[in-house]
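Peer 1: Residue numbers (the working numbering), protein chains in the order written: chain A, 23 to 404; chain B, 23 to 404.
Derived from the structure by calculation, the hints contain no laboratory data. For each residue, glycine too, the CB sits at the ideal point set by N, CA and C. Among the clues, some could well be false.
Simulated restraints, written as ranges between beta carbons of each label pair [stated by the list, open to error]:
no.	chain 1	residue 1	chain 2	residue 2	range
1	A	Gly52	B	His339	14 to 24 Å
2	B	Thr50	A	Arg338	22 to 32 Å
3	B	Gly326	A	Pro39	48 to 58 Å
If the Cβ cut is set under 8 Å, some of the chain B residues that face chain A in the computed set are [stated by the list, open to error]:
no.	residue
4	Thr48
5	Thr50
6	Arg51
7	Glu55
8	Thr67
9	Met71
10	Ala101
11	Leu103
12	Ser153
13	Ile156
14	His339
15	Tyr344
16	Leu348
17	Leu355
Protein chains: 2
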Amino acid sequence: MPPFPSQFRFDLLSTDPSGARRGRVTTTRGAVETPAFMPVGTAATVKAMTPQEVKSTGAQIILGNVYHLFLRPGHERIARLGGLHRFMNWSGPILTDSGGFQVFSLGALRTIREEGVAFRSHIDGSSQFLSPEIVIQVQEALGSDIMMQLDECTPYPADPDYVARSMELSLRWAKRSQAARNPEQTYQALFGIVQGGMIESLRRSSAERLREMDLEGYAIGGLSVGEPKALMSEVLSYTPGFLPVDKPRYLMGVGKPEDLVEAVGRGVDMFDCVLPTRNARNGQLFTWSGTFNIKRQQFQDDPGPVDAACGCDACRHYSRAYLRHLFRNQEILGHRLMTLHNLHFYQELMQRMRQAIEEGRFAEFRREFLATRPHQAETPGE
Amino acid sequence: MPPFPSQFRFDLLSTDPSGARRGRVTTTRGAVETPAFMPVGTAATVKAMTPQEVKSTGAQIILGNVYHLFLRPGHERIARLGGLHRFMNWSGPILTDSGGFQVFSLGALRTIREEGVAFRSHIDGSSQFLSPEIVIQVQEALGSDIMMQLDECTPYPADPDYVARSMELSLRWAKRSQAARNPEQTYQALFGIVQGGMIESLRRSSAERLREMDLEGYAIGGLSVGEPKALMSEVLSYTPGFLPVDKPRYLMGVGKPEDLVEAVGRGVDMFDCVLPTRNARNGQLFTWSGTFNIKRQQFQDDPGPVDAACGCDACRHYSRAYLRHLFRNQEILGHRLMTLHNLHFYQELMQRMRQAIEEGRFAEFRREFLATRPHQAETPGE
Numbered sequence: 023m024p025p026f027p028s029q030f031r032f033d034l035l036s037t038d039p040s041g042a043r044r045g046r047v048t049t050t051r052g053a054v055e056t057p058a059f060m061p062v063g064t065a066a067t068v069k070a071m072t073p074q075e076v077k078s079t080g081a082q083i084i085l086g087n088v089y090h091l092f093l094r095p096g097h098e099r100i101a102r103l104g105g106l107h108r109f110m111n112w113s114g115p116i117l118t119d120s121g122g123f124q125v126f127s128l129g130a131l132r133t134i135r136e137e138g139v140a141f142r143s144h145i146d147g148s149s150q151f152l153s154p155e156i157v158i159q160v161q162e163a164l165g166s167d168i169m170m171q172l173d174e175c176t177p178y179p180a181d182p183d184y185v186a187r188s189m190e191l192s193l194r195w196a197k198r199s200q201a202a203r204n205p206e207q208t209y210q211a212l213f214g215i216v217q218g219g220m221i222e223s224l225r226r227s228s229a230e231r232l233r234e235m236d237l238e239g240y241a242i243g244g245l246s247v248g249e250p251k252a253l254m255s256e257v258l259s260y261t262p263g264f265l266p267v268d269k270p271r272y273l274m275g276v277g278k279p280e281d282l283v284e285a286v287g288r289g290v291d292m293f294d295c296v297l298p299t300r301n302a303r304n305g306q307l308f309t310w311s312g313t314f315n316i317k318r319q320q321f322q323d324d325p326g327p328v329d330a331a332c333g334c335d336a337c338r339h340y341s342r343a344y345l346r347h348l349f350r351n352q353e354i355l356g357h358r359l360m361t362l363h364n365l366h367f368y369q370e371l372m373q374r375m376r377q378a379i380e381e382g383r384f385a386e387f388r389r390e391f392l393a394t395r396p397h398q399a400e401t402p403g404e
Numbered sequence: 023m024p025p026f027p028s029q030f031r032f033d034l035l036s037t038d039p040s041g042a043r044r045g046r047v048t049t050t051r052g053a054v055e056t057p058a059f060m061p062v063g064t065a066a067t068v069k070a071m072t073p074q075e076v077k078s079t080g081a082q083i084i085l086g087n088v089y090h091l092f093l094r095p096g097h098e099r100i101a102r103l104g105g106l107h108r109f110m111n112w113s114g115p116i117l118t119d120s121g122g123f124q125v126f127s128l129g130a131l132r133t134i135r136e137e138g139v140a141f142r143s144h145i146d147g148s149s150q151f152l153s154p155e156i157v158i159q160v161q162e163a164l165g166s167d168i169m170m171q172l173d174e175c176t177p178y179p180a181d182p183d184y185v186a187r188s189m190e191l192s193l194r195w196a197k198r199s200q201a202a203r204n205p206e207q208t209y210q211a212l213f214g215i216v217q218g219g220m221i222e223s224l225r226r227s228s229a230e231r232l233r234e235m236d237l238e239g240y241a242i243g244g245l246s247v248g249e250p251k252a253l254m255s256e257v258l259s260y261t262p263g264f265l266p267v268d269k270p271r272y273l274m275g276v277g278k279p280e281d282l283v284e285a286v287g288r289g290v291d292m293f294d295c296v297l298p299t300r301n302a303r304n305g306q307l308f309t310w311s312g313t314f315n316i317k318r319q320q321f322q323d324d325p326g327p328v329d330a331a332c333g334c335d336a337c338r339h340y341s342r343a344y345l346r347h348l349f350r351n352q353e354i355l356g357h358r359l360m361t362l363h364n365l366h367f368y369q370e371l372m373q374r375m376r377q378a379i380e381e382g383r384f385a386e387f388r389r390e391f392l393a394t395r396p397h398q399a400e401t402p403g404e
């Protein structure tokens, strides 16, 4: 079938000797400089933040979840209220995740069929069904700028035969997704999702057959699902190379700061992850000299900021001692300030990477940054 | 003893024919136009808000709690970190509550003696002790602008003999509080607390004997403790008249919007209450046409703001449908936006009362406002 007449654009601006790419996504709701990190706004809110605060950190695009919004408050309700952007007061681009990851995380509560996936709501136990076509309809009702196909997020570990069948199913669902699009909603893009587990030949086959569909962008799914870090790194060493140079590459659900740096070095352009927001609510703070948890007793009398190298409002106005106090009291302001800091850190990290790529010194940036993360745990980000 | 050499000032600017007073409290950290409402910042944070947001609602003074800060993180720690204002990043005036209300709310966990009150921490069960002198020391360490004496918040109902003895104890504690002050901390004020239950002669005696101490201000305590609304109204009909005209009058822990309007009409100048903040987190919203709870199903498709007559950020940018969605998901942003709205409403209510007093039309304002509250429950605010 011919390419969809989308107004979505991607421009590759420059490529660093390392392979890191500097680009720009253009949507009718604004541009996104890449490499880009998308804060996660699961239920039509980036947890604890106003949209203005999210924007103030430098974020140009956020992510919403089909799974959550489909269940509550419902995509049709959001459409009646003027669409997701208006509903949540965010005027910039939004990428909506298809729900594949959430549904497959339900385990025994869901059943995969050729037609789609039946599952029970985590909210009220009601029986629900999502197909590739329904997921497109939901995202068209929400009015997101980038839609994701429904896919099966292949678990790890998995039998190679299962991985292959799962990858083929996601491919068929990609085609059904593309066929289901409303040709009049030209402001929307659709990204396909490369699966294939940790098997190079399957990743290659998935990517090549998705390329034939000439979608607006391509995601790498099925990583950061519990595999060893070395294995994720291996898959990232070859998979981006299977994807077209002139389309954005989105690594789903990754990850820690060092994971982002590694993946950008492999030619990835877009990321999302709950780490900066979720971990903030658990007291974990990301800084230019490493990560730490605010609950540690050593901070109880510490008058210094979270990160003296950071210019966010939390670091400019509040001490570690105060943030620890708020955290121990489970005060909302603690969640707010720590979320703001972490999002600010992630966006500044992306900004520094973009600059390093433009200046052709990404390898140096990468080396210096990873030196600040000498003792990271083996498991990747959520 | 001679009056304390305090830099604290109160100016009575005008009195409405109704008896409502328009005044100004002046502290070294800024002025407070009265009648004033003080948002409650129990644990060194007005829950869910940044200090900038609190200020943006029009608040000029906030309240902190000795009881909570004494237990955690500790007043000495706050002093080492530069005092309460710096700790929480609020540069305006702060009134600190003495802890009497919180300690006496502990019920079986506390024992009142002449010397002070022994109690068990609600956090870790540890044995603690507060005396009038310790409470002054704590407030001097915190560096608040208005200190409250330790008092016994007389319960309701109570035997008249108990009410009289309790009132006498609070009076003796007031004198010990005054004697314990550091004469070098002249930026601080000390307010005495009128007790005496629902008995006019005891209220009169308490007030008159506190007046003899020439304190910087006087509070009315022991109301809004479960008594019928008519009884609170009766006590408020005479107690303010026992207090000096040239000192501020602070009604502690009150209350609902209609309670504030009634009390201002009785000549009260200052208020604090957790209602606008706590009830926001329970979904209750105060508006110029009454109160409602956002969780009601009727709001699920409502594209309108909480209050079309309100100019707060929550009303300018978000629908009732969205706030209901946030509330049902217990999203922090819901708590934030609803708290912001309620605080904005309370401050605007105070502003309108101040203007009505200046223009000599408070009785008219009162009548019109109470007409928007036709079916209020009998119980007063917390």
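Peer 1: When the hints from earlier in the document are held up against this structure, which numbers fail?
Peer 2: Hint check: 4, 5, 6, 7, 10, 12 and 13 fail, others pass.
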